[in-house]
Each structure stands twice: as C-alpha cells, then as structure tokens.
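Chemist: Let chain A serve as the given structure and place chain B on it in line with the hints.
For the record, the sequence lines run as chains A and B.
Be aware that the first sequence starts at 1, since it is given in this note's numbering, and climbs by one per residue.
Be aware that the second sequence starts at 1, since it is given in this note's numbering, and climbs by one per residue.
Do not rely on the hints blindly, as some may be mistaken.
It does not matter which identical chain is meant; a pair holds if it fits inside one copy or across any two.
[Claimed, not checked] Pairs of lysine to aspartate or glutamate, DMTMM-like flavour, derived with a Cα cap of 25 angstroms:
hint, residue 1, residue 2
1, Lys56, Asp29
2, Lys92, Glu3
3, Lys68, Glu55
4, Lys68, Asp78
5, Lys68, Asp94
6, Lys92, Asp58
7, Lys92, Glu42
8, Lys68, Glu42
9, Lys56, Glu71
Just so you know, the hints here were simulated from the structure itself, not pulled from any lab data.
Number of protein chains: 2
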Amino acid sequence: MTELLSETGRETMLAPLFEAGWTMVEGRDAITKTYQFDNFVEAFGFMTRAALWAEKWDHHPEWFNVYKTVEVTLSTHDAGGLSALDAKLARKMDQLAG
Amino acid sequence: MTELLSETGRETMLAPLFEAGWTMVEGRDAITKTYQFDNFVEAFGFMTRAALWAEKWDHHPEWFNVYKTVEVTLSTHDAGGLSALDAKLARKMDQLAG
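Bound-form chain A, shown alone:
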C-alpha cells in the first residue's frame, strides 16, 4: 500500500510541479499536464520512453493522445490520491519531454 503525500510532502514535491505546468484535477486528488510535441512521432516517442519508466516503477499514468498532444493524469489508485510516486513520475516525464 502506497502512502498518500503528507502536507509537507505536498508542499515540497508538488510546488515545483505546479511551476512546471502541472495542475490539480478538479474533484480528484490527482495532477495533470498536457504536453504538445512537434508531431505524432515525437508524441508517441515520449509515451514510449515514459512507458518504460512507468513499468519499471510499477506506477502507470492515465493518458490520452491525439496526434501531437499527450494529456497525462497521475494519481495512485491503491492510495486513493497523490503519493510520492506521482511526483517522481511527473518529474521523470518532464525530463523525458524536455
């Protein structure tokens, strides 16, 4: 069972993500970001890189893709909200998209 982020964890882990373009999902303890790439190859290439990390960490995104756009939502289902794993995967995705 993964632990929900503590108040302190939220401040330290989520603040830099909000600055990087992540936002809270309305009505859910989850974060979301929409990435825009140059084309489908770049968008799906990003998804493929992120998928390998997601599987390695056994922590998977909810994501929607159409052509060059990828909308990602992160939350920890077995914790019922945001955990440190979401912050970790969000940071990794920003790195992979950069």
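Modeler: Only chain B this time, still in chain A's reference frame:
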C-alpha cells in the same frame, strides 16, 4: 482531402466492425472500442504496434490508456467524420490486439 464514407461504404465497412465490438460515438461521426489486455506491457505493446501503422498510413487514433485498458476513437479530422481510413485502421487494430 479524404472523402467521407458513402452510404454503401458504411454498410460494407462498418457492419463487420460493429460485429467486432466497435460502436458509434454519441454525437460524433466516429467509432470507438475499448480493448482490455492482461497488463500494461500488453496494452502498451498493442499501442506501439498500432502507432507504427498509424504513422505509416498518416492516420492517427485518439486513444486513452490506463494500465491494461486502451480506449480508441477513430474519425478523420480533415473529412469531418468517418472515412475508409478509419475502417482500415480499426481492422488493423483488431488484428494487432488479437
């Protein structure tokens, strides 16, 4: 510019897709299907195979993935609705998922 499916085209191309589990999207000239796989590796493996065909044919799906589930929606944006390309990609996806 891709042509919309004719009435005859709809009958011949869409009927077998409806039998294979595709349905019309409410309020849109688009078809949708939800695939369930055994796990994320199988789900994303399917997406990767489908992505290669989508790029080859320059016809891309709208799709949502969470863990072992992949929801696909197909429509031809520059035609404003369903074209033969959607039927072709739907058949290929069924083949790749099978």
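Chemist: Just pull the numbers of the violated hints for me, sorted ascending.
Modeler: none
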